[in-house]
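As a plain string of letters, each chain reads:
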Amino acid sequence: MVFIFGVNFNEQKLVKKALESFYALGPQTSARILAKYCIHPRAKMGTLPPKTLTALTAELSTMTIEGDARRIVQDNIKRLRDMGTYRGRRHAMGLPARGQRTKNQVETAKKLNRVERRG
Amino acid sequence: MSAPNCLRCLVRPSAGIPSSTAPRTAAHAAARTAAPLAPLAPLAPLVPRSAPFSTTAANARPKKEAQGKDSSKGHVRAGKRLTLGKFKKDRVAEKGRPPAPGERKAYRKRITLSNDNAIAVPWLTDLSPTDLADPANIAKVLALPDEVQDQLRASEAFKPTQCWGMFRKPAVLVRKETVDVMSRMQASVAKRQTLRLALTGDKVSGKSMTLLQAMTHAFLNNWIVIHLPEAQELTTACTEYAPVPGTEPAQYMQPVYVLKLIQAIKRANEKVLAKTYTVSAHPELPQNIPANTPLLALANVAKEPDAAWPVFQALWSELTAQGANRPPILFSLDGLAHVMKVSDYRSPAFELIHAHDLALIRLFADALGGGVQFPAGGAVLAATSRSNAPRAPSMELALAQREAEQAARQKGDVSKDGSKAGVPQRDPFFRGYDDRVEAVLRSVQVLRLGGIDKLEARALMEYWAASGMLRATVDEKTVSEKWTLAGNGVLGEMERATLLTARV
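Going down the list, the sequences are from chains U and A.
Letter by letter, the first sequence follows residues 1 to 119 of the UniProt record's numbering.
Letter by letter, the second sequence follows residues 1 to 504 of the UniProt record's numbering.
Since the hints were derived computationally from the structure, they do not count as laboratory data.
Some chain A residues close to chain U (C-beta under 8 Å, calculated; not the full set):
1) A242
2) Y345
3) F350
Here are the computed lysine-lysine pairs in the DSBU-like style, where the Cα-Cα straight-line distance is at most 30 Å:
4) A:K95 - U:K13
5) A:K140 - A:K477
6) A:K159 - A:K140
7) U:K17 - A:K260
8) A:K105 - A:K95
9) A:K169 - A:K140
10) U:K51 - A:K260
11) U:K44 - A:K105
12) A:K266 - U:K44
Cβ atoms here follow ideal geometry from the backbone N, Cα and C, with glycine treated the same way.
Model the full assembly from the supplied sequences, consistent with the hints where possible.
Here is the structure:
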C-alpha cells in the first residue's frame, strides 16, 4: 500500500488513476503532474520511489483539490441562496436550476442540487 | 497439433477425392449397357478441370446439404412446459484459479524453439562460424547450434510470431541477402570499420530474420552483440524515464529498460565479456571498478535500476575505447520507425520528447549515423517493420533516397547531383519532416528484402517436407505454386500458404 496525500492506494493502481481519484484533479492536471515528475503514463503506484511520493504529496498539498475545491462550489451556491436568487432557491429546494422539467427525471438534480453540495 | 485427416470431409489427404461423381456414374451406366466388359479407366477425365489451387478457398467450396434438418417431421408442437425455478440465475460454473498477473502475457509471448513431434531432419547440419557468409551455402537450410540458441534467446532475437515451434530444431534458410549482409559485415570488420545498414522490405519478407542471422553470425564469430528487440518498448512511454543529470538540452535515461538490457547483454555475451578487460578505472559506479577488470564484472555492477545507466555508459565507453583490444560489436535494433519520431514521453515542461533525446536511442542513432567508431570494427543494423510502425515520413524518405542513390551508383552514375529525377525529394507541401532523422540516415546503406527465388523456396520446402510439416511431394509444380501464392516468394507468405493453413 502506498500513501499519497493521506490516502492509501493499492500498489497495482495506475498513478494516473490514483491522482484522478482526487476531487478537482482531472486528466489534464494529472498528465501535467506526471510529466513534471517524469513518471510515465503507465506507471503503477508500487514502482514510484519514496522521493517521488513525498514530492507528489507536496505538490498536491499546494493545489486546490478535495475539500478546498468542494468548499468553493458550496460557497458559490450559498452566495446564490443568500442573495435570494432563483438558482439559489432551486438549489435549496433540491430542484433543477436551469429550467429543466420536473415532472420526471429529476433524480440528478435531487442528488446534486443542495446547498451543502457533496461534489 | 493437427489431426491426421481433414475434419471437414473425413477423407485422408492421400486417398484422393473422386472427381465429379455424377457424370461418371452416368457414364458407367452407359458403358455397362453397351459393353459390360469394357474397361472403366479410360472414361475418367484425363485433363484436370480446375487449377490445383484456388485463391477463394472458402467461397469456392461446394455447399454441403444442410444436415440434421429433417423436413419430414415439420413443426413440433411441444406445448408449454413447466419449468421450475426459471427465475433463478444460472449456476456459474466453477472457474478455478484465475491466472496470476503476467501469466497470460507470458503465455502469449512464450517462445518454443523445438517440437518433439516434428521429424528430425537427418541432413541438417549446424552452422559453423563461416557458413552464413559463404556463397556456397545459398539456398541451404542450416540449424542454429544449441549454444547460439541460448544466446539468441537471451537477447530476445526470436519472436513469438515466427514458426520455430513447428520443427525439431531451429534452422534458418541462407538466402542471397543473408550472405550479402554477412559478407559486408566481414569486410567491414576486416577494415576495422563499421557497417551501417538499414534492412527494409515488405511485410513478412524476413527483415527480423535477417537480423537474427546477423546476430547468429556475430555470436558464432565471438562478436559482442547488443540488441534492442522492440524499439517501441523504448518510445511508447511504457517504461520508466528520468532526466540524465548535467545534460543540456536534457536527455532522458530509461533505467529499468537499461537494466534489463545489461542483463541480456551479460547473459548473451558472457564468454566474450569475461575475456575483455577494462582499460580505465570507473570510480563513479556504486562498486569501484579498477582498470583491467573483466567487462563481465563491470556489467555485474548493475543490480538496481538507479545504477543501470551509469553502468551502461561505462560499459559502452569501455567497448568503444580506441586502441584497446576489443572484439567486433554488433549493435542492432528492430522496428526502426519507432525511434525515428517524437516519442510519447513528456518532459517536465509538458513537451513531447524527441526519441533522439532518449539517451539509449541517441546512442544507437549516433552509431547508425556514423558518429561512433568501434575499435575492432563491427556493424550497426536496423530493421524496419511493416506491421507495427508509426508514420515516419522522414525515415521513409531518407531510406528511399539512399536506395535510389545506391541504384544510381550501381549503374555507374557518378554525378552526385541530388536533384536528379531518380532520387525522391521532400514534398514541399508537407510539414511533418524531421531534420534530425534525416541527418542520422544520411549515410546509411539500405538493403531491401524481397521474395526469395525458386531455388531457395525449394530448399525451404524440402526442409519443411523432411520435418513432416509439408505433406506433399516437393516438385517444381508445388514449389512454383506456393511461390506464386506467396507473392513471388515472400518468405512469410510462403509459410502462411504452406505451413499455417489448416488443411493438412
